[in-house]
Amino acid sequence: MTAPMLEAVNLSVQFGGLRAVNDVSFGVWPNEVFSLIGPNGAGKTTIFNLISALYRPTSGEVRFEGEVISRMPPHVVARHGIARTFQNIELFEHATVLQNLLVGRHCHRHTGWWQDMLFTGSVRRAELEFRRQVEEVIEFLDLQHYRDSMVVGLPYGVRKVVELARALSMRPRLLLLDEPSSGLNTEETEDMGFWIEDIKHDLGITVIMVEHDMGLVSRVSDRVLALNLGEVLTLGTPQEVQAHPGVIEAYLGGVDDV
Amino acid sequence: MHFIFKTRYEQDIALFKHGGQNFWYAALALALVAAPWLLSEYTLSQVTFIGIYAIVCLGLMLLAGFTGQISLGHAGFLAMGAYTEAYLQGMGWPFMISLPMAALVAGITGIMIGLPALRVKGMYLSIATLAFGFILEEVVVRAEHITGGNAGRQLGALTIAGVNFDDGANFYYLVTGIAVLCVLGVLNLLRSPTGRAFVAIRDSEVSAQSMGINLAHYKTVAFALSAALAGIAGALYAHKIRFITPDQFGFLQSIELLMMVVIGGLGSIQGAIFGPAFWFVVQQVIVVGKDWLPPALGQQTGLQPTIFGIILIAIVLFEPMGLYGRWLKFRTFLEIFPFYRKGMFKRQKSYMKSERMK
Numbered sequence: 001m002t003a004p005m006l007e008a009v010n011l012s013v014q015f016g017g018l019r020a021v022n023d024v025s026f027g028v029w030p031n032e033v034f035s036l037i038g039p040n041g042a043g044k045t046t047i048f049n050l051i052s053a054l055y056r057p058t059s060g061e062v063r064f065e066g067e068v069i070s071r072m073p074p075h076v077v078a079r080h081g082i083a084r085t086f087q088n089i090e091l092f093e094h095a096t097v098l099q100n101l102l103v104g105r106h107c108h109r110h111t112g113w114w115q116d117m118l119f120t121g122s123v124r125r126a127e128l129e130f131r132r133q134v135e136e137v138i139e140f141l142d143l144q145h146y147r148d149s150m151v152v153g154l155p156y157g158v159r160k161v162v163e164l165a166r167a168l169s170m171r172p173r174l175l176l177l178d179e180p181s182s183g184l185n186t187e188e189t190e191d192m193g194f195w196i197e198d199i200k201h202d203l204g205i206t207v208i209m210v211e212h213d214m215g216l217v218s219r220v221s222d223r224v225l226a227l228n229l230g231e232v233l234t235l236g237t238p239q240e241v242q243a244h245p246g247v248i249e250a251y252l253g254g255v256d257d258v
Numbered sequence: 259m260h261f262i263f264k265t266r267y268e269q270d271i272a273l274f275k276h277g278g279q280n281f282w283y284a285a286l287a288l289a290l291v292a293a294p295w296l297l298s299e300y301t302l303s304q305v306t307f308i309g310i311y312a313i314v315c316l317g318l319m320l321l322a323g324f325t326g327q328i329s330l331g332h333a334g335f336l337a338m339g340a341y342t343e344a345y346l347q348g349m350g351w352p353f354m355i356s357l358p359m360a361a362l363v364a365g366i367t368g369i370m371i372g373l374p375a376l377r378v379k380g381m382y383l384s385i386a387t388l389a390f391g392f393i394l395e396e397v398v399v400r401a402e403h404i405t406g407g408n409a410g411r412q413l414g415a416l417t418i419a420g421v422n423f424d425d426g427a428n429f430y431y432l433v434t435g436i437a438v439l440c441v442l443g444v445l446n447l448l449r450s451p452t453g454r455a456f457v458a459i460r461d462s463e464v465s466a467q468s469m470g471i472n473l474a475h476y477k478t479v480a481f482a483l484s485a486a487l488a489g490i491a492g493a494l495y496a497h498k499i500r501f502i503t504p505d506q507f508g509f510l511q512s513i514e515l516l517m518m519v520v521i522g523g524l525g526s527i528q529g530a531i532f533g534p535a536f537w538f539v540v541q542q543v544i545v546v547g548k549d550w551l552p553p554a555l556g557q558q559t560g561l562q563p564t565i566f567g568i569i570l571i572a573i574v575l576f577e578p579m580g581l582y583g584r585w586l587k588f589r590t591f592l593e594i595f596p597f598y599r600k601g602m603f604k605r606q607k608s609y610m611k612s613e614r615m616k
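Those protein sequences? They're chains C and S, same order as listed.
Under the working numbering, read the first sequence as residues 1 to 258, first letter to last.
Under the working numbering, read the second sequence as residues 259 to 616, first letter to last.
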């Protein structure tokens, strides 16, 4: 294998007295599904926010394809081909599904606002092209039925898919999924699993995922990183991690606690 | 009910979605052209005012309704436009150059006030813009050699290429033409990446950033464009009134503008036109209705602000989408008659924003 696609090097972040992430290092290979697991407060979402540069690390750095991204503004990181979803769904609620997905094409725009205001030929052509590309994502995730619906009126499960669709519309090379199955029923979780597999195999996108549903994690992940209290417990295949005594202790409590 | 069967992607970006819309907007255009023959001179002058205010409201709508940045200092931008126009006209500049200059000066002022918007949000931004409005009003009072201070400033007759635009019909056409161009410009923005970036910032800054939207850039653009539109309206307003004083651009004016936008319906272009139209109609109704009321009530000072206040409260309570929302409901009612249900436009409340990142 070549160099890791994404690399976290001695990553630490401190909020006041709280060390949310403490000296975490890991590498994610191209085209793998990499899961972060751990009990609440383990620092999983914080690591996501560090990767997408919403937080600045106190020390250490994140490298994407050899470039340090942890000092860039978040919108520049997005332009490098990193897309993400949010734990609590951060869609643009008072816009249609289609508009939400088109925002995903934002990084690929070439026109300025003055051209947009005149809606010049190049804007029109770009819009039609964006529309076509977004349609591919709609087809991929079966959202045809919701194209023109306002997000604010959609059920939770559909919003979750729309958020995934919006991230995919960016045509990212790395996709960060923050609890893709939270709030979904068994059937929807099943679908989510299939989609993640398809995203990896058909679209060739690398996926990093935070997830609590161990069924989904072991089904789709190539490797799993277990965290507790901001520190790495272990890293390995889903089976190895699940069998690791430290992980069991973090989730169920150790002998001392009984 | 219309069901649009889409077969081409062009249909998604078309300004007019179906034949019915073509027809009604053509009818509207015709009515606008015919207005000087149909309306009395006084009414036409009021319609001209609606046009001018529609341009400011359009700018404010872009900023407050689509980008989510509430400005309480828009009268300041209006003043920048008005005084730039008055000053440049005094210097002998032709209108075709002084109008864009008015937009430019107001736009640059907009960028300056937009700078704090990059740091503060919501309530704090409103306060910052409010303070800016006061400062600008004071500047206008003090800069006597340019603005004439509290004594006011007179504008000369408006002629473009030798044609006199001071009379009712010509000036009406000028304002309407500019207003239509502004509406088209804003509509174009909204169906393009820039407009979507604005909406994205309004609905979720965190995810807008993660989608690659440069918040600072788009907020600045929103402020600049909004202020530029106010500047254009200010220049037209100056020519309409022909005598401008600082107190016309005070805090109350800013509040009135914001009220128009809210009454019209935040987040809709139609609302930016409904708002001022409704405002002027109600104003006329109050003027006429005053004589019918008992003198103790009708001659009361502050009758008009009270009535507008009550209307605003009613709108916020019962129709958060404003007049445009009311119109949408009415139209849907007609379109799908007998099947309209009371709760059709009710939105499901969501309580899942627990760990929202600020």
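Honestly, I wouldn't trust all of these hints.
What the hints assert, rightly or not - Only part of the chain S face toward chain C is listed, based on derived beta-carbon distances under 8 Å:
hint	residue
1	Tyr267
2	Gly350
3	Ala455
If you are wondering where the hints come from, they were derived from the structure by calculation, not from laboratory data.
All C-beta atoms, glycine included, are put in the ideal place defined by N, C-alpha and C.
So, going through the hints one by one against the coordinates:
no.: 1; hint: Tyr267; result: 4 Å, holds
no.: 2; hint: Gly350; result: 29 Å, violated
no.: 3; hint: Ala455; result: 6 Å, holds
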